[in-house]
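Okay, here's what each chain looks like letter by letter:
2 protein chains.
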Amino acid sequence: MTVSAPDIAALSTPAVVVDLAVAKRNVERFQEFADRLGLRVRPHIKTHKLPLMARLQLEAGAIGITCQKVSEAEAMLDGCPEIGDVLITYNILGADKLDHLAALARRVRLSVVADSATVIEGLATRFASEPAPLTVLVECNTGADRCGVGTPAAARDLARLIAARPGLVFGGLMTYPPAGGEAAVQAFMTTAKALIEAEGMAVPTISSGGTPSMMAAAAAPIVSEYRPGTYIYNDRSLVARGACGWDDCALHVLATVVSVPAPNRAIIDAGSKVLTSDLLGLTGYGHVLGRPDIAIDQLSEEHGRLTSTGPIELAVGDRLHIVPNHACVVTNMMDAVHLIGEDGAITAVPVAARGRVV
Amino acid sequence: MTVSAPDIAALSTPAVVVDLAVAKRNVERFQEFADRLGLRVRPHIKTHKLPLMARLQLEAGAIGITCQKVSEAEAMLDGCPEIGDVLITYNILGADKLDHLAALARRVRLSVVADSATVIEGLATRFASEPAPLTVLVECNTGADRCGVGTPAAARDLARLIAARPGLVFGGLMTYPPAGGEAAVQAFMTTAKALIEAEGMAVPTISSGGTPSMMAAAAAPIVSEYRPGTYIYNDRSLVARGACGWDDCALHVLATVVSVPAPNRAIIDAGSKVLTSDLLGLTGYGHVLGRPDIAIDQLSEEHGRLTSTGPIELAVGDRLHIVPNHACVVTNMMDAVHLIGEDGAITAVPVAARGRVV
Numbered sequence: 001m002t003v004s005a006p007d008i009a010a011l012s013t014p015a016v017v018v019d020l021a022v023a024k025r026n027v028e029r030f031q032e033f034a035d036r037l038g039l040r041v042r043p044h045i046k047t048h049k050l051p052l053m054a055r056l057q058l059e060a061g062a063i064g065i066t067c068q069k070v071s072e073a074e075a076m077l078d079g080c081p082e083i084g085d086v087l088i089t090y091n092i093l094g095a096d097k098l099d100h101l102a103a104l105a106r107r108v109r110l111s112v113v114a115d116s117a118t119v120i121e122g123l124a125t126r127f128a129s130e131p132a133p134l135t136v137l138v139e140c141n142t143g144a145d146r147c148g149v150g151t152p153a154a155a156r157d158l159a160r161l162i163a164a165r166p167g168l169v170f171g172g173l174m175t176y177p178p179a180g181g182e183a184a185v186q187a188f189m190t191t192a193k194a195l196i197e198a199e200g201m202a203v204p205t206i207s208s209g210g211t212p213s214m215m216a217a218a219a220a221p222i223v224s225e226y227r228p229g230t231y232i233y234n235d236r237s238l239v240a241r242g243a244c245g246w247d248d249c250a251l252h253v254l255a256t257v258v259s260v261p262a263p264n265r266a267i268i269d270a271g272s273k274v275l276t277s278d279l280l281g282l283t284g285y286g287h288v289l290g291r292p293d294i295a296i297d298q299l300s301e302e303h304g305r306l307t308s309t310g311p312i313e314l315a316v317g318d319r320l321h322i323v324p325n326h327a328c329v330v331t332n333m334m335d336a337v338h339l340i341g342e343d344g345a346i347t348a349v350p351v352a353a354r355g356r357v358v
Numbered sequence: 001m002t003v004s005a006p007d008i009a010a011l012s013t014p015a016v017v018v019d020l021a022v023a024k025r026n027v028e029r030f031q032e033f034a035d036r037l038g039l040r041v042r043p044h045i046k047t048h049k050l051p052l053m054a055r056l057q058l059e060a061g062a063i064g065i066t067c068q069k070v071s072e073a074e075a076m077l078d079g080c081p082e083i084g085d086v087l088i089t090y091n092i093l094g095a096d097k098l099d100h101l102a103a104l105a106r107r108v109r110l111s112v113v114a115d116s117a118t119v120i121e122g123l124a125t126r127f128a129s130e131p132a133p134l135t136v137l138v139e140c141n142t143g144a145d146r147c148g149v150g151t152p153a154a155a156r157d158l159a160r161l162i163a164a165r166p167g168l169v170f171g172g173l174m175t176y177p178p179a180g181g182e183a184a185v186q187a188f189m190t191t192a193k194a195l196i197e198a199e200g201m202a203v204p205t206i207s208s209g210g211t212p213s214m215m216a217a218a219a220a221p222i223v224s225e226y227r228p229g230t231y232i233y234n235d236r237s238l239v240a241r242g243a244c245g246w247d248d249c250a251l252h253v254l255a256t257v258v259s260v261p262a263p264n265r266a267i268i269d270a271g272s273k274v275l276t277s278d279l280l281g282l283t284g285y286g287h288v289l290g291r292p293d294i295a296i297d298q299l300s301e302e303h304g305r306l307t308s309t310g311p312i313e314l315a316v317g318d319r320l321h322i323v324p325n326h327a328c329v330v331t332n333m334m335d336a337v338h339l340i341g342e343d344g345a346i347t348a349v350p351v352a353a354r355g356r357v358v
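Chain order of the listed sequences is A and B.
Using the UniProt record's numbering, you'd call the opening residue of the first sequence number 1 and step up by one each time.
Using the UniProt record's numbering, you'd call the opening residue of the second sequence number 1 and step up by one each time.
Same shape as in the complex, but just chain A:
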């Protein structure tokens, strides 16, 4: 991260800083890879929650964006009207959310997912009276054991239900793969596609995603669209998996040492309200750049505790750059992040889709 020292010194800590040049390089690198495979890229905005980052992704070649919640999509479109295509990878339920979804469908090319007849029934009823039908993909469980139908036959049955409703159009299949699950994705999707095509229906899109597996996408060639999120910023969890290096981490938490109460212990002003308690299977709550000897071994809400194997050699007032375990959840904690432009200037940018949980 190349920073203009006087600017960064003026930031009140804790602060989240994002190096735009690194983010851009990360986006372009995956886009080039996907282009070579003929894979469409539809980034998940959950990592940045920023219209300007969606614009950067579209300019690099993304076909649209992925959101998890309707309110996220609204915030992104408000800030980046050039977004032309949105996929919401969530079961949308309830009158209030369906009304928002219908309003959204009048603004943008929109698709959603469903994994049950109940969700399809709600969508079909609401969209029966809309000017245009809604595109619905069937979510499939390829091993992550979260949402999704469990068998290709169940996917075919839901595709049939969607196609039978005048308010809906069957858009294809979607999955969030388990780590290293490309073979499972390929097997599930190949069977499901064949079953659906056997009924005379087309499967326009097969959408998979997730930064951890993205460079293995070629191992599931049936996939036509990929939805990486974290790749734009990267984080400690991805460095730990070998997916990137520290120089590829565009997002840092800037923190100040507020206490050095013992020779091997220091306390920083970033706790779980910034770094979050997400472990993602790791030990400790982040990586202090340049200090691999330090563990962030305990967080309370406003304090992070640093311990070292030897003397900690930090003084009250020292500032540290920390790569968090999980970048996406950190941007959700902050009203604004500080972007470091390619000229080194720092701009505070409100996190437009922060806290959009409905």
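Misleading hints may appear alongside valid ones.
[Stated by the list, open to error] Restraint ranges, calculated between C-beta atoms of paired labels, are given here:
{"hint": "1", "chain 1": "A", "residue 1": "PRO221", "chain 2": "B", "residue 2": "GLY242", "range": "52 to 58 angstroms"}
{"hint": "2", "chain 1": "B", "residue 1": "GLY242", "chain 2": "A", "residue 2": "THR283", "range": "27 to 33 angstroms"}
{"hint": "3", "chain 1": "A", "residue 1": "ARG36", "chain 2": "B", "residue 2": "ALA179", "range": "54 to 60 angstroms"}
{"hint": "4", "chain 1": "A", "residue 1": "GLY341", "chain 2": "B", "residue 2": "ARG241", "range": "57 to 63 angstroms"}
{"hint": "5", "chain 1": "A", "residue 1": "ALA179", "chain 2": "B", "residue 2": "LEU282", "range": "36 to 42 angstroms"}
{"hint": "6", "chain 1": "B", "residue 1": "ARG109", "chain 2": "A", "residue 2": "TRP246", "range": "42 to 48 angstroms"}
{"hint": "7", "chain 1": "B", "residue 1": "ARG109", "chain 2": "A", "residue 2": "ARG106", "range": "50 to 56 angstroms"}
{"hint": "8", "chain 1": "B", "residue 1": "ARG29", "chain 2": "A", "residue 2": "GLU130", "range": "50 to 56 angstroms"}
Hints listed in this document are in silico derivations from the structure and should not be mistaken for laboratory results.
Yeah, the Cβ is synthetic: ideal placement off N, Cα and C, and Gly gets one too.
Keeping the supplied structure of chain A fixed, place chain B upon it in accordance with the hints.
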């Protein structure tokens, strides 16, 4: 929680709901206990982050509030000008924060803590030119191993430093005790007080705090002021410690089942962006009221995974009330919480001090 069913059914989920009557009962119960002990109550606002809850605490008899960060205190005073006394239990460092602190000191009776000569030096320099001196307490480590001086003699040395500076006034001693640490608090504070008094200085306040230990406060009679936070809402961690029952939990997360992909598994629309990943030593991420057989065993950002020892017997669209592991961090996730008044009416209230980390 007594709720008006039509009102609660109209809330878009996930939502945080707070039963005002339960919160009030919790506040009054501890206030009465503290009054009997002659212990002053200075609640920590980190749990609710709401001016109206601070007002409720003051009306019950609190002498003022505790905040962790300067920006939290600003938000609380903006929303509740009748707050007359604020303690910031944090080492305040840096020109920007010291300027905010000085502005705050002109609005309210203010005190802060310090645990090093560096922090005291910064405070003293900034307040030398202010119209009134700033009250500073020395933070002591009584076993929680976060911030705080490690010995009574070190506390005495810092008290001496504070008292020597014209911009500052020595206000006493402060600690955040470890679980069950009343004996350690009593021992540390008794020695420190004697050492400081031996130098001819008074120790006006000895401040301790934390909901987990609050009903054991009598075991550390040297303490003059107590700073409970979570007691107003309670949460699963406090039920697990035996500090309260489920009926004493004023805050619930209302969530909807969005998928039932397997007979013993269901997915709700509240993930780590609402419940947070805080475990506080527990297993699982919350308690589904009325369903002790269910574990919330996995969270991603927008999904919570529920598993049961037997058939889960939930349907897509079902709504659940969940007591989170840790109430304080949940209020920090939400732009607004929904208050259920004593008449059953529901009001959305912006979380004024949410995200105030600087």
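Status of the hints after comparison with the structure:
no.: 1; hint: A/PRO221 - B/GLY242: 52 to 58 angstroms; in the structure: holds, 57 angstroms
no.: 2; hint: B/GLY242 - A/THR283: 27 to 33 angstroms; in the structure: holds, 30 angstroms
no.: 3; hint: A/ARG36 - B/ALA179: 54 to 60 angstroms; in the structure: holds, 56 angstroms
no.: 4; hint: A/GLY341 - B/ARG241: 57 to 63 angstroms; in the structure: violated, 49 angstroms
no.: 5; hint: A/ALA179 - B/LEU282: 36 to 42 angstroms; in the structure: violated, 26 angstroms
no.: 6; hint: B/ARG109 - A/TRP246: 42 to 48 angstroms; in the structure: holds, 46 angstroms
no.: 7; hint: B/ARG109 - A/ARG106: 50 to 56 angstroms; in the structure: holds, 55 angstroms
no.: 8; hint: B/ARG29 - A/GLU130: 50 to 56 angstroms; in the structure: holds, 53 angstroms
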